[in-house]
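The primary structure of each chain is shown beneath.
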Amino acid sequence: MIYSLCLVLFILGLYCVLTKKNLIKIIVGLVIMDNAVNLFFVLLGYRTNGTVPIITNDAEKSMIMQHSVDPIPQALVLTSIVISLGILALMVSLAIRLYEKYGTFDITKIRKLKG
Amino acid sequence: MKGMSQIVKVIAELVKDFIILFGIYIILNGHLSPGGGFAGGVIIAASYILITLAFGRERAMKELSEKGSHILDNFGVLLFWAVAVLGWLIPGQAFFSNFIQRFAPGSPYNILTSGIILVCNIAIGIKVGASLFSVFTALAHFESPLKGDDEE
Amino acid sequence: MIEFIILLLLIFMIVGALFVIEMDNLLSTAVVMGTIGFGLSVAFLFLGAPDLAIVEIVVDVISLIILIRATINRDIKEKAEESTSMISRIPLLVIVVIFFIFTYNVFQHLPAFGNPSFAGNPLAPSNIYLKDGLSKTGASNIVAAIILDFRAYDTLGEATVLFTSIIGALSVLRLFTRKRKEEEDK
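Residue numbers (our numbering), protein chains in the order written: chain A, 1 to 115; chain B, 1 to 152; chain C, 1 to 186.
Quick caveat, the hints were computed from the structure, so don't treat them as lab data.
Nothing here was measured: the structure is a model prediction, and the numbers come from that model.
No residue lacks a Cβ here, since even glycine has one placed at the ideal position from N, Cα and C.
It is possible that some hints are incorrect.
As the list claims (entries may be wrong) - Dumping the calculated BS3-like pairs for lysine-lysine here, alpha-carbon to alpha-carbon at most 25 Å:
no. : chain 1 : residue 1 : chain 2 : residue 2
1   : A       : Lys101    : A       : Lys20
2   : A       : Lys61     : C       : Lys136
3   : B       : Lys16     : B       : Lys67
4   : A       : Lys25     : A       : Lys101
5   : A       : Lys109    : A       : Lys21
6   : C       : Lys131    : A       : Lys61
Claimed, not checked - Not everything, but these chain A residues come out facing chain C in the computed CB check (under 10 Å):
no. : residue
7   : Leu78
8   : Val82
9   : Arg97
10  : Ile110
To be verified - Examples of chain B residues toward chain A, derived with CB under 10 Å:
no. : residue
11  : Ser33
12  : Val42
13  : Gly87
14  : Pro91
15  : Phe99
16  : Ile100
17  : Pro108
18  : Tyr109
19  : Val128
20  : Ser131
21  : Phe136
22  : Leu139
With the hints as constraints, model all of the structure from the sequences given.
This is how it looks when you write it as structure tokens:
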């Protein structure tokens with residue numbers, strides 16, 4: 001059930017990318033897709049009544065395996081969040097550049113004006 | 001880019017140093033508590049963005065010029081890569097191995113432990129902070145040919 | 001209990017995404033994007049990932065600033081002729097429904113929520129990282145030990161990707177101001 005709601009969020013972002021004609025809406029749809037995929041990865045690694053994978057004193061050193069959540073998806077998602085910030089900076093700079101050249105954010109008009 | 005009203009300027013003047021201090025704390029304790037290089041670097045960049053928004057672009061350029069932010073950015077990446085290659089050059093260790101931890105291990109739960117993790121956190125923090133500030137400055141300074149003056 | 005809270009947060013994010021899709025004003029869509037990142041950060045806190053919650057909230061604030069900078073003086077509403085093409089959206093809806101059905105069938109084979117596959121297997125990589133993390137690296141934060149010692153090569157690749165995208169953004173934004181300064185000098 002929770003995985004299906006995560007998939008619904010991903011499909012909303014995909015629908016936004018495929019149907020909208022405004023460039024900013026396409027960029028926002030990509031960001032929603034990024035967030036949905038990151039949430040899905042962390043949901044896969046959750047253990048019921050699990051604890052944070054941080055060792056605080058020596059007594060926990062041997063017992064952390066029994067009740068901690070999965071640390072590997074957290075490492076992968078950390079990388080993915082920072083990369084999506086870099087992608088957003090590049091996309092927005094390209095959108096600003098296109099607006100200064102064509103005067104509009106509408107992608108149908110950008111195809112018609114040549115040169 | 002113009003600044004904001006007097007109240008915002010006074011508060012930003014007081015608060016900006018504490019934000020940088022908090023960012024440095026999160027970078028240095030990256031191997032003991034949640035946080036790490038990326039979060040701390042973005043927080044340090046946020047402090048300089050606060051100065052840009054509150055005082056205008058000239059004051060932020062006096063604190064950290066464009067050339068300075070580019071130099072810091074490249075220095076962060078070079079430090080990260082140099083630590084990796086140093087592991088390969090030392091005889092007997094592999095590329096990117098934690099050679100500091102093997103030769104001089106600290107005691108756990110301190111700051112001065114875990115060798116290469118501390119150095120890499122600092123390098124990543126410097127890199128992310130400087131590059132996000134330079135991107136924000138470039139976005140704020142972009143001149144528009146249609147309007148003919150500075151964008152705000 | 002935690003499952004119910006995650007469900008509520010997901011419904012909050014889906015409602016926010018629906019607002020973003022249907023809104024006319026571009027500045028308002030950039031502002032509503034902040035709520036999706038906020039809901040995601042609170043969900044990471046409840047799922048036992050405080051590292052990710054800190055990184056996600058600060059990245060969401062920076063991306064909100066960047067999006068508002070792109071839309072603040074260019075407040076263009078979407079054109080009216082888009083809403084009349086309802087018939088042409090039907091093939092897209094068919095594709096999306098088929099995608100949903102196939103992926104839902106795949107999700108039936110995943111392990112149940114709250115019972116991951118590494119739990120009973122003492123040889124899984126996650127269990128080995130949790131057992132030997134402190135003694136082999138000296139770091140108490142196992143996630144930091146993974147990204148900077150056990151899998152440090154991935155972090156080097158990610159630093160390179162971030163570096164490249166920032167250089168790309170800077171070179172796209174600065175071409176015009178230098179040409180214009182040269183024309184003014186002549």
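Cross-check of the supplied hints:
no.	hint	in the structure
1	A:Lys101 / A:Lys20	holds (21 Å)
2	A:Lys61 / C:Lys136	holds (13 Å)
3	B:Lys16 / B:Lys67	holds (21 Å)
4	A:Lys25 / A:Lys101	holds (19 Å)
5	A:Lys109 / A:Lys21	holds (10 Å)
6	C:Lys131 / A:Lys61	holds (7 Å)
7	Leu78	holds (6 Å)
8	Val82	holds (6 Å)
9	Arg97	holds (6 Å)
10	Ile110	violated (13 Å)
11	Ser33	holds (7 Å)
12	Val42	holds (8 Å)
13	Gly87	violated (20 Å)
14	Pro91	violated (30 Å)
15	Phe99	violated (22 Å)
16	Ile100	violated (20 Å)
17	Pro108	holds (8 Å)
18	Tyr109	holds (8 Å)
19	Val128	holds (7 Å)
20	Ser131	holds (9 Å)
21	Phe136	holds (9 Å)
22	Leu139	holds (7 Å)
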